[in-house]
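Peer 1: Position chain R with the ligands against the provided structure of chain D, taking the given hints into account.
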Amino acid sequence: MKIGMSHGAGGEVMQDLISNIILSNIHNTRVNGGVGLEDLDDGASIPLGDYEIVMSTDGHTVDPLFFPGGDIGKISVAGTVNDISVMGARPLAIASAMILSEGFPGEDLERIVQSMDAVSRETGVSIVTGDTKVMERGKLDRMVITTTGIGVVKRGEIIRDSGLRPGDKIILTGSVGDHGMALMAFREGFGFDTDLESDVAPVWGMVEAALEVGGVTAMKDPTRGGIANALNELADKSGVGMVVDEDMIPVREEVRAVSEMLGIDPYEVANEGKVIMGVDPEYAEDVLRAVRKAPYGENARIIGEANQDSHVILETSLGGRRILEAPVADPVPRVC
Amino acid sequence: MYRAQLTVEGIVQGVGFRPAVYRLAHELGLTGYVRNMGNLVEIVLEGDEERIKRFIERLKAEKPPISRITRINNEMTAIDSPSFSDFSIKESSSESSGTSVIPADVATCSRCLEEIMDEDNRRYLYPFTACTDCGPRFTVIESIPYDRERTSMREFPLCSSCMEEYLNPLDRRYHAEATCCPVCGPRPFLWRGDVIETDNPLKMAAEFLDEGEILAVKGIGGTHLVCRADDEDAVMKLRSRLGRPSQPFACMSPDVPSVEVYACISEAEEKALTSRRRPIVVLNKNSDYPLAPSVAPGLHNIGVMLPYSGMHHVLFRYTAAPAYVMTSANKPGDPMFIRNSEITRGLEGIADYFLLHDRKIINRCDDSVVRFRGGEMAFIRRSRGYAPEPYDLTHLSENLSALCLGPELDVTFSVLKGGQCYVSQHIGNTSRYDTLLFLKDAVNYLMGITGTESVDVIACDLHPQFLTTSYAEELSERFSADILRVQHHHAHALALMLDNGVGECVCIAADGVGYGADGTSWGGEILHCHGPEYSRVGSLMPQKMPGGDLATRYPARMLLSMLLDSYDGDIRELFIERYLDYFPHGEREIDVVLKQMETGLNTGVSSSTGRALDAISAALRICGMRTYEGECAMKLESTAFRAKGELKIPFRIMKRDGRYILDTSGILMDVMDFLESGEKRAEIAHAAQRAVAEGLAEMAVLAAEDLGVEVIGGTGGVFYNEAISLAVRDYVKERGYSFIQHRNSCAGDGSVSLGQAVAAALEYRK
Ligand SMILES: [Fe+3]
Ligand SMILES: [Mg+2]
Ligand SMILES: [Zn+2]
Ligand SMILES: [Zn+2]
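One line per chain: the protein sequences are D and R, in this order.
If you count the first sequence from 1, position 107 lands on 107 in UniProt numbering, and the numbers rise without skipping.
If you count the second sequence from 1, position 744 lands on 744 in UniProt numbering, and the numbers rise without skipping.
Extracted from the complex, chain D is given alone in its bound form (with noise of 0.2 Å):
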């Protein structure tokens, strides 16, 4: 086999290849009992005394490196800090590794390092250690940057993507596919007026006031495969179906012309800067209410509920029920 670029897509072909070779050939996966490799969370857990060490890790490989709402240094903090937040831990810190091609504009790279320090002064989280290197003409696209994060919680406190049980509101945080989409019209060149932006924003300060209510249950951040590709898998690896109100998920009008001209699902390209989480139903308004005044948390809705059933399910008010399925690399036509 070769690897394609749909087994970077985030659907069920790269499942398939993470299953397959890379963890049927890892052996340690997990220490002092928390959460491992085959788990296939947004991070790892070190349960240490009273506390987990929460641990994440991420390669940033952005085309284009500068896009609207952000640039690659941005993403590369904030997708990291999202990952522990969305594991119900506080981030503290990351490292990063920057691989450069021989030629990369200096300052260029200073706006990205910049935006780097940004986020890292938004979040209070310190970037405490890096590494650089250089690779020659025609090796390397540009850049490549990974950073590992590292956050703390209080042990037993993680939230997983199987904590989801029938009943369980599912809030969203905001509008949906505004990053895929902002990205593939602009790397695409359709030239599009600019009011297509990335969301890219860390989530920390959504999180931690959902936290601070209490009753959240399960979470994660939809980035590659969308919502779509979130809602499966929460709903997947806690066993239980949901319903979910169409009507209620926001999909800003420019992303949703642009989807409706290239003909690609909102509902399967990437966000940067949302959660989704499900709440206790008791606590399900509190959390909304907080969520709400959290920064990027305005537009936060509860999106529908879990039950007992095995599919995703969107409803319409109009359309009736159909089935959201996981989005696929390619998609391949269906309609007759």
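Among the hints, a few may not be true.
Straight-line Cα separation of at most 25 Å, SDA-like style, residue types lysine to any residue; simulated pairs [said to hold, decoys possible]:
(1) K139(D) x T599(R)
(2) K440(R) x D309(D)
(3) K595(R) x E188(D)
(4) K331(R) x E260(D)
(5) K237(D) x S476(R)
(6) K440(R) x S310(D)
(7) K440(R) x V243(D)
(8) K595(R) x E260(D)
(9) K331(R) x I249(D)
(10) K440(R) x E325(D)
(11) K595(R) x D265(D)
(12) K440(R) x T316(D)
(13) K331(R) x D247(D)
Pulled from the structure, derived: some chain D residues nowhere near chain R, Cβ distances all over 12 Å [to be verified]:
(14) G103
(15) L140
(16) V152
(17) K237
Note that these hints are calculated values from the structure, not bench results.
Think of the CB as a built atom: it goes at the ideal place given N, C-alpha and C, for glycine as much as any other residue.
Peer 2: Structure of chain R with the ligands alone, referenced to chain D:
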């Protein structure tokens, strides 16, 4: 003296079979008994050999109208003395073996209709009147053997008059499981928020309809939305409430003469219309067409049926309407509502009144639809009146049991058991959750009434994303059954070959979309099929679909894709000038599509005939947005219908990667040139359709020559198009090949599950 022990399989229960046996045995002076056994009929006869033989001959010839005999096993033994003094009908036994099946629903017979219309009869105007020759069957049965206790008639215990008929072997209601009368049977009632008090709900319903109201009418296998078909305001009101701007509605008229007022009927069409199966027949409209224009807008034809239940007959007694619109009551893509509470809730705001009854519908069953092309019938949908009658596959497989789940849209599924393939009623679009639930329910019921507990094989489509595919995977685990993935067009071809008893052919499979073996989307394929194998020997030119499924909804995207490489001038200008309104986001969207063609972002590749016809339809400004399946191609056919045929568009075939390719871009270029030179749209439409048809036919002929094959077939939804299917047939015959097409099966996706069953039978015969 001899004793014969007969077992009869086929459609032999609930059709008056035992009384017929009883009468015949009496007439021939034979003794013994007859009884239902699970799903076959057992007959024991004593008498002389000659008479027993005559009995069997006459039984085959004189069996009741609905019954069908697929097999008679006969064990004759010489005996010294008789064990029986007379001939009797014995109690049913629930032991089950054999492969008999429940008959399909049957339209009200003439004798029942006479009773309904006879003022002195106790069933005067009673809408649920039925007998052994007619009435609901499949739609009321829960399990086998077919007895009243296992149907939804269980809730209506027979009154003494009905019981007398039911127990008298010489009465035509002897063991008529659905029989009833106004005293003991189901009742109709009118509803709007609450039951409306009236002693004649049907008369009141007809009056509401005359006033332009929309009614939901619960019937035999489902619910219809009904309004007068000659009332444009009512029809438009229904369209806007349903959100169906132009999907054609079917009509029902009281009798043939009322249909002749607005449509022409051939002899064969009349036979189908009046048959006891009562399908919707697609008829050409008269040039003088007095019904509301929006019943079937933009089309030269209209789907028509005649009354098939007492309810329909009685309604028409109270109105002068020449026809009612009768369309399935559902949300787009969802199954019809069948439970009273769902009907009233689901159709709130759509129907003004509800004409309901208190009998449960067990098996939902949509109306069947047929269309004639050059005098030959084809199923568009094979459902009520036909399902679940089996196809005979005994020549391919005696013992394999398989469950075949079909594709995704227009799904039927099939149960193969004991050499019989039971194709289900129409299920629909299984990407919809409620339709998927309906599929799962219907699978349980059909497996139950065919006595199938487990299966060896689950067959499904090759498409990895179909929900029927993941359901197949789930079932294969549950039954520990093998899974067989069948390429869509191969399944089409196998159904066609079964229908015609052909083992090898070159097949033209032309439709909207099917997942190809190479991962691209197919739909204009020339397949060489032989046994379980096939190879792709030709296809339409693979074309990009900018926006994927979006290019199906907005055919101008296909047009742009197909013209892009060949068009000389500024294609952007052309589209802005002529087709701007075909892009909901205007100029900006045209730029996006051009860019998508360049970068390949979300542009699948398809060799679909449907997409090529859509593009022609868009080019001629016939259809710019598809609001229902097949709309653009259907309107293209209707536009071409009245053409004189004076234009000709040549076609070009090349060979690429070892297979023939028809240059569809070339055809589109000629369409644009003719448009430029001011030719009539109808003539261009006609010529373009013909070029596609003959191009497909020529590729098939070339392949048949290469391979030394003598039979060429045509399958897929495109073959509903009369002009295309006749052009292909004539072209193929002209070149000396024989041509086969669907006769007793759907050309479209409704028979994909049947083809999958054939594939399973062939695969496991090896
Ligand atoms: Fe098909
Ligand atoms: Mg998580
Ligand atoms: Zn009758
Ligand atoms: Zn009665």
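Peer 1: Against each hint, give a clear statement of whether it holds in the structure.
Peer 2: Hint by hint, here is what the structure shows:
no.	hint	verdict
1	K139(D) x T599(R)	holds, 23 Å
2	K440(R) x D309(D)	holds, 14 Å
3	K595(R) x E188(D)	holds, 8 Å
4	K331(R) x E260(D)	holds, 23 Å
5	K237(D) x S476(R)	holds, 22 Å
6	K440(R) x S310(D)	holds, 14 Å
7	K440(R) x V243(D)	holds, 19 Å
8	K595(R) x E260(D)	holds, 15 Å
9	K331(R) x I249(D)	holds, 22 Å
10	K440(R) x E325(D)	holds, 18 Å
11	K595(R) x D265(D)	holds, 18 Å
12	K440(R) x T316(D)	holds, 23 Å
13	K331(R) x D247(D)	holds, 17 Å
14	G103	holds, 26 Å
15	L140	holds, 23 Å
16	V152	holds, 41 Å
17	K237	holds, 18 Å
Of the numbered hints stated above, none is contradicted by the structure.
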